[in-house]
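Visitor: Given the structure of chain A, go ahead and fit chain B with the ligand onto it with the hints provided.
Residue strings, one per chain:
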Amino acid sequence: MSDIAERVKKIVVEHLGVEAAQVKEDAKFIDDLGADSLDTVELVMAFEEEFSIEIPDDAAEKIQTVGDAINFINANAKS
Amino acid sequence: MFDLGGKTALVTGASGGIGGAIARALHRQGATVTLSGTRADALEQLRGSLGERAHVVAARMDDPADIDRLAKEAEAAMGKLDILVNNAGITRDNLSMRMKDEEWEKVLQVNLTGTFRLIRAAIRGMMRRRHGRVINITSIVGVTGNPGQANYAAAKAGLIGMSKSLAQEFASRAITVNCVAPGFIATPMTDVLTDDQKKAILGRVPAERLGTPEEIAAGVVYLASDEASYVTGQTLHINGGMAMI
Ligand SMILES: NC(=O)c1ccc[n+]([C@@H]2O[C@H](COP(=O)([O-])OP(=O)(O)OC[C@H]3O[C@@H](n4cnc5c(N)ncnc54)[C@H](OP(=O)(O)O)[C@@H]3O)[C@@H](O)[C@H]2O)c1
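Protein sequence lines, in the order shown, are assigned to chains A and B. First residue of the first sequence? That's 1 in the working numbering, and the numbers climb one at a time after it. First residue of the second sequence? That's 1 in the working numbering, and the numbers climb one at a time after it.
Note that these hints are calculated values from the structure, not bench results. Worth double-checking, as some hints may not be accurate.
What the hints assert, rightly or not - Computed cross-link-like contacts, SDA-like style, restricted to lysine to any residue with a CA-CA straight-line distance of at most 20 Å:
#1 B:K72 / A:S52
#2 B:K80 / A:H15
#3 B:K72 / A:K10
#4 B:K80 / A:M45
#5 B:K80 / A:E42
#6 B:K80 / A:E49
#7 B:K164 / A:S37
#8 A:K10 / B:R128
#9 B:K72 / A:M45
#10 B:K72 / A:E50
#11 B:K80 / A:S37
#12 B:K164 / A:L38
Excised from the complex, chain A in its bound form (with noise of 0.2 Å):
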């Protein structure tokens, strides 16, 4: 479990050049992270290729904090 939100947010980390101590579980991509449409598509791309699912476009709209993403794969990974 824990295991799956450090790889998170060194993902969200590395994509949007943020600093670890913002990326808290309930900051937003866009709003707090200062994300764009565009890196909102690269990171759900990089979790799915990460945790080799696949996240449908209708759950990847759902997802819009770091939270979000962290309760999504751990429901839907295979560990």
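Guide: Structure of chain B with the ligand alone, referenced to chain A:
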């Protein structure tokens, strides 16, 4: 100016007249090139004449799986992809009342859908590296129309609209997307025209001659270069003055 040393390029339709000239010109400016097309022997021959910094990945632009494989293998061969030149294209001419569904569909599939698929497959790496050049070879016919080429004109006009949309999507990532629109160029594609057809065409070309593949390749080199970094969503017409738009 226009130095492409250290850059990598994938050229589709490199076994054809214009594509071969584009690949040679990019290579001459210093780029490493991957040559694609369906005829592996013709591609190998071109690679042989280029020497170093050249790879071959044969692929069919009407086969989605082949297109994904092409993007992967080209990136693997060159380590990255900076410049994508979508030049593969076909004609299946017929007056519209006689045009068969398969003539329509084939031309759209190879010229437009295949190009979109290859861009989609190749752009991820460009996004990650915050650098890229996509150059789509359209045609004057996509802007002016041409009797007997409703399918081809639709596909080529489609490339222009698609390129403008992609240019807007990716501009913030320093990826430019442009088109080059040749007029009538001396290649196998235009060899099939009859002398009468050629004469009629030349009557509409102020330069009074067909263009050469090298004249198209020069435009591609420009758009691929760092110097063209602020040019995106544009169509560069190279047509001897045949249409001024
Ligand atoms: N010549 C002109 O006057 C003119 C004018 C305006 C625009 N253009 C455009 O310029 C581009 C190049 O034309 P060209 O005159 O050089 O034509 P060409 O000599 O006939 O070359 C066409 C190229 O496209 C490739 N190709 C065709 N079908 C393919 C498929 N299903 N999958 C993968 N590759 C395929 C061919 O590969 P293989 O031979 O290996 O199959 C060949 O390398 C085309 O997009 C054309 O529409 C040409």
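Visitor: Going back to the hint list, which numbers does this structure go against?
Guide: 3, 11
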